[in-house]
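Fit chain B to the supplied structure of chain A, relying on the hints for placement.
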Amino acid sequence: MTALLRRRTRTDVPDASVIRMVDVGMTYPNGKVALADVNVEIGRGDFVFLVGPSGAGKSTFIRLLIREQVPTTGRVQVAAGDLEHMRRGQVPALRRRIGIVFQDFRLLPNKTVWENVAFALDVTGTPGTTVRRRVPQLLNLVGLHEHAHHLPTQLSGGEQQRTAIARALVHDPAILIADEPTGNLDPVTSWELIQLLIQINELGTTVLMATHNQEIVNAMRRRVLALEAGHLVRDEAAAAYEREY
Amino acid sequence: MTFLRFIGFTVVRAWQGFWRNAMMSLAATATVVLMLVLLAALFIVITGLNSGLEFIESKVALTAELTDDLPDGVRDRLIADVEALPGVASVEYVSPAQAMQRLQASYRELGQELELGGSDSSIQIFASIEINLTDPNASGEVGASLDERDEVERVLTKQAEYDTLLGIINVIRTVGIVGLALVGLTVLFMIINTIRIAVYSRANEIEIMRLVGASDSFIRWPFILEGVLVGLVGAVITIIGVAAVWEPIQPAMVAIFQMPTAVSDRFLATLSILLLGVGLGVGAIGSWISVRSYLAAAR
Numbered sequence: 001m002t003a004l005l006r007r008r009t010r011t012d013v014p015d016a017s018v019i020r021m022v023d024v025g026m027t028y029p030n031g032k033v034a035l036a037d038v039n040v041e042i043g044r045g046d047f048v049f050l051v052g053p054s055g056a057g058k059s060t061f062i063r064l065l066i067r068e069q070v071p072t073t074g075r076v077q078v079a080a081g082d083l084e085h086m087r088r089g090q091v092p093a094l095r096r097r098i099g100i101v102f103q104d105f106r107l108l109p110n111k112t113v114w115e116n117v118a119f120a121l122d123v124t125g126t127p128g129t130t131v132r133r134r135v136p137q138l139l140n141l142v143g144l145h146e147h148a149h150h151l152p153t154q155l156s157g158g159e160q161q162r163t164a165i166a167r168a169l170v171h172d173p174a175i176l177i178a179d180e181p182t183g184n185l186d187p188v189t190s191w192e193l194i195q196l197l198i199q200i201n202e203l204g205t206t207v208l209m210a211t212h213n214q215e216i217v218n219a220m221r222r223r224v225l226a227l228e229a230g231h232l233v234r235d236e237a238a239a240a241y242e243r244e245y
Numbered sequence: 001m002t003f004l005r006f007i008g009f010t011v012v013r014a015w016q017g018f019w020r021n022a023m024m025s026l027a028a029t030a031t032v033v034l035m036l037v038l039l040a041a042l043f044i045v046i047t048g049l050n051s052g053l054e055f056i057e058s059k060v061a062l063t064a065e066l067t068d069d070l071p072d073g074v075r076d077r078l079i080a081d082v083e084a085l086p087g088v089a090s091v092e093y094v095s096p097a098q099a100m101q102r103l104q105a106s107y108r109e110l111g112q113e114l115e116l117g118g119s120d121s122s123i124q125i126f127a128s129i130e131i132n133l134t135d136p137n138a139s140g141e142v143g144a145s146l147d148e149r150d151e152v153e154r155v156l157t158k159q160a161e162y163d164t165l166l167g168i169i170n171v172i173r174t175v176g177i178v179g180l181a182l183v184g185l186t187v188l189f190m191i192i193n194t195i196r197i198a199v200y201s202r203a204n205e206i207e208i209m210r211l212v213g214a215s216d217s218f219i220r221w222p223f224i225l226e227g228v229l230v231g232l233v234g235a236v237i238t239i240i241g242v243a244a245v246w247e248p249i250q251p252a253m254v255a256i257f258q259m260p261t262a263v264s265d266r267f268l269a270t271l272s273i274l275l276l277g278v279g280l281g282v283g284a285i286g287s288w289i290s291v292r293s294y295l296a297a298a299r
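Protein sequence lines correspond, in order, to chains A and B. Residues 1 to 245 (our numbering) make up the first sequence, in order. Residues 1 to 299 (our numbering) make up the second sequence, in order.
Next comes chain A alone, as it looks inside the complex:
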């Protein structure tokens, strides 16, 4: 597995942060405030939960990190890149340093598992030899080698999410963002998926997971960022879904 994902050094010095938000605010043209005065720093190799009710600003938080949007105020830095001054042509390189998975998997239904993963390499101009070497490795990592030639419709929800994770890891990203990855999964499958994310995190990949799953957050006891109405109301290490004290 170490050959698959480059092991990164975990450190606590501020410069080692891979995500930094300073006084970030996001107000949409219709006047809705999605985020306000958010200050966050996430270190390399951290595993962080992003929690909050619907409409709290979690999706906006994620969209700012992958530069789908730019904040109306403040600064966002991801993987040492200042997103505010990033030119459009530099965005693809940023996104190769961030893997992202969604609740609805977003797989291409007419492509097999193998093709879905390979697609992410093909569209970034990766040589065929690298694709043929890399895809089986990633399918082994997520435990889908046997299903390589199955279509997404022939897979369970958990298997589809594993395919999405394999695809998110093709470029060996520094950060893996998981937006409600267990939202469509049963509890057992959800735990299997979390085990996989922990494995990936242990190799040094920063994992940011937006979730409503209280049980998982409470059991994991990792850092929790809680958003409410666009404000960061809580940032605690080894915390529960909701404040217990």
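Hints are supplied without guarantee of correctness; some may be wrong.
Okay, the calculated beta carbon distance ranges per label pair [unchecked claim]:
hint : chain 1 : residue 1 : chain 2 : residue 2 : range
1    : A       : V70       : B       : L182      : 38 to 48 Å
2    : A       : K111      : B       : N170      : 54 to 64 Å
3    : A       : V70       : B       : L185      : 34 to 44 Å
4    : A       : G128      : B       : A255      : 55 to 65 Å
5    : A       : G128      : B       : I177      : 44 to 54 Å
6    : B       : A203      : A       : R234      : 32 to 42 Å
7    : B       : P251      : A       : K111      : 53 to 63 Å
8    : A       : V22       : B       : L182      : 52 to 62 Å
The hints are simulated quantities; they were obtained by calculation from the structure and are not laboratory data. Every residue, glycine too, gets a C-beta built ideally from N, C-alpha and C.
Frame of chain A; chain B shown alone:
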């Protein structure tokens, strides 16, 4: 190598896209064919009429029929005076005997024999001078100065035919260009729509491409090439069609338009290049507009 991979990726994806959306692609291709057939017809007609115009221009000459029994000295002075006029290239004297020979020859070309009615014939052939011009527009002035001369019986000119043909060409050219522009716009919108439908039907795919770090080029060019493919297929079909009917068209062009250039293979080659260029251009521009507006909206 990266560039070659990009080219390979783009070509494969464009080809897949063309057939995935086959009905729309074929409908757009059919409109391209329609436009290019009209363009080919217009090109043939305009080129033919221009060629006819050039033919008449080259023949724009004045013929001045001379009065009877003109002394040689007077005739030579007249010729010298006319040669000195601006716009005159050359002046040739045609004797009554030469004029008669020409008349007989032209009858023979039509398969008839000139009947002069024997010795009591009243047919009168004038001696004349034929004036070739360097500039067809000088015809009016040269004709006017000849009219003033006593040695000249009457002046014959082809200016009227020239003006008529020029008028016809201008009308056909204007109507053709307007018609072609309308068809061209229709084709352009058709291609824009086809590619837009292709783009929207693959919105998920594009979204994934963007999220995994595909550059705009990797997203944009397959669609542009798909539009180019529509133009290319349309152009190739039209060229094959024109080449198929070229044999019967060719003699008609020569006969109707006095267009010797139609005989050469170069004409068909020029027409093919024009059709190919317009087909590819319309395909590329249409798809570029379509993809550009979509990508501009997406970050």
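These are the hints, each one checked on the structure:
1. A/V70 <-> B/L182: 38 to 48 Å: Distance hint for A/V70, B/L182 holds at roughly 43 Å.
2. A/K111 <-> B/N170: 54 to 64 Å: Given range 54 to 64 Å: holds, Cβ gap about 58 Å.
3. A/V70 <-> B/L185: 34 to 44 Å: Given a distance of about 37 Å, which is inside 34 to 44 Å, the answer is holds.
4. A/G128 <-> B/A255: 55 to 65 Å: holds (59 Å)
5. A/G128 <-> B/I177: 44 to 54 Å: At roughly 49 Å between Cβ atoms, B/I177 and A/G128 fall inside 44 to 54 Å, so the hint holds.
6. B/A203 <-> A/R234: 32 to 42 Å: For B/A203 and A/R234 the Cβ distance comes to about 36 Å; the hint holds.
7. B/P251 <-> A/K111: 53 to 63 Å: For A/K111 against B/P251, whose Cβ atoms are near 56 Å apart, the range 53 to 63 Å holds.
8. A/V22 <-> B/L182: 52 to 62 Å: Hint holds: Cβ distance 57 Å, inside 52 to 62 Å.
In this structure, every one of the numbered hints holds.
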